[in-house]
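K.L.:
Sequence:
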Amino acid sequence: MSNLEIPQHLFTAIDHVGMAVPDLDAAIAFYRDTFGMTLAHEETNEEQGVREAMMAVGDSGSHVQLLAPLSEASTIAKFIDRNGPGCQQVAYRVTDVEQVSAILRERGVRLLYDAPKRGTSDSRINFVHPKDAGGVLVELVQPAASR
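Just so we're aligned: the sequence shown equals residues 1 to 147 in the UniProt record's numbering.
It is worth saying that the hints were derived from the structure and are not from the lab.
What you are looking at is a predicted structure, and each value in this text was computed from that prediction instead of being measured.
Treat the hints loosely; a few may be bogus.
Derived DSS-like pairs (lysine-lysine); straight-line CA-CA distance at most 27 Å [to be verified]:
hint: 1; residue 1: Lys78; residue 2: Lys131
hint: 2; residue 1: Lys78; residue 2: Lys117
hint: 3; residue 1: Lys131; residue 2: Lys117
Derived Cβ-Cβ restraints for the label pairs, each shown as a range [unchecked claim]:
hint: 4; residue 1: Asp23; residue 2: Gln99; range: 31 to 41 Å
hint: 5; residue 1: Ala73; residue 2: Ala13; range: 30 to 40 Å
hint: 6; residue 1: Glu106; residue 2: Glu42; range: 30 to 40 Å
hint: 7; residue 1: Ala145; residue 2: Asp114; range: 15 to 25 Å
hint: 8; residue 1: Asp132; residue 2: Gln99; range: 12 to 22 Å
hint: 9; residue 1: Thr34; residue 2: Leu10; range: 13 to 23 Å
hint: 10; residue 1: Ala13; residue 2: Thr38; range: 17 to 27 Å
hint: 11; residue 1: Gly58; residue 2: Thr12; range: 11 to 21 Å
hint: 12; residue 1: Thr38; residue 2: Glu106; range: 34 to 44 Å
hint: 13; residue 1: Leu112; residue 2: His41; range: 18 to 28 Å
hint: 14; residue 1: Thr95; residue 2: Asp132; range: 34 to 44 Å
hint: 15; residue 1: Thr34; residue 2: Lys117; range: 30 to 40 Å
hint: 16; residue 1: Lys117; residue 2: Lys78; range: 10 to 20 Å
The beta carbon of each residue, even a glycine, is placed where N, CA and C say it ideally should be.
Work out the full structure, taking the sequences as your base and the hints as a guide.
P.N.:
So this is what it looks like as structure tokens:
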């Protein structure tokens, strides 16, 4: 039995669904003009090797994250080369990324990072290994306190 206090819900919401795209500007225009989504945030994350945009899904608080590679060496470039553009990850919002990571590790799930890294808008993130989540890359997102 676990010594960790288990929260009522490990995940509090779907934070975003990540889409690998070859051209960020074209993808932003498509999601804006075709699906009526609005650009909520855009940034370059050198550590992750991406230029990204968060497209708001109405006023739900959920987003579609568009991820374009900064170089051919980036994980997103490799994903696109292997699979083509498309759904790359599902991200769940959590209140405490360390606590949820520890609980998942106790349950036999591998995480990609030993400690959380910086994500979009100064969130704190980690990822569940796709082989431990039915082939899906699952991101854990603890939003920055101001969000």
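K.L.:
If a hint holds in the structure, say so; if it doesn't, say that too.
P.N.:
For each hint, the structure was consulted:
no. : hint                          : result
1   : Lys78 <-> Lys131              : 17 Å, holds
2   : Lys78 <-> Lys117              : 20 Å, holds
3   : Lys131 <-> Lys117             : 21 Å, holds
4   : Asp23 <-> Gln99: 31 to 41 Å   : 38 Å, holds
5   : Ala73 <-> Ala13: 30 to 40 Å   : 33 Å, holds
6   : Glu106 <-> Glu42: 30 to 40 Å  : 37 Å, holds
7   : Ala145 <-> Asp114: 15 to 25 Å : 23 Å, holds
8   : Asp132 <-> Gln99: 12 to 22 Å  : 18 Å, holds
9   : Thr34 <-> Leu10: 13 to 23 Å   : 34 Å, violated
10  : Ala13 <-> Thr38: 17 to 27 Å   : 19 Å, holds
11  : Gly58 <-> Thr12: 11 to 21 Å   : 18 Å, holds
12  : Thr38 <-> Glu106: 34 to 44 Å  : 40 Å, holds
13  : Leu112 <-> His41: 18 to 28 Å  : 23 Å, holds
14  : Thr95 <-> Asp132: 34 to 44 Å  : 22 Å, violated
15  : Thr34 <-> Lys117: 30 to 40 Å  : 32 Å, holds
16  : Lys117 <-> Lys78: 10 to 20 Å  : 18 Å, holds
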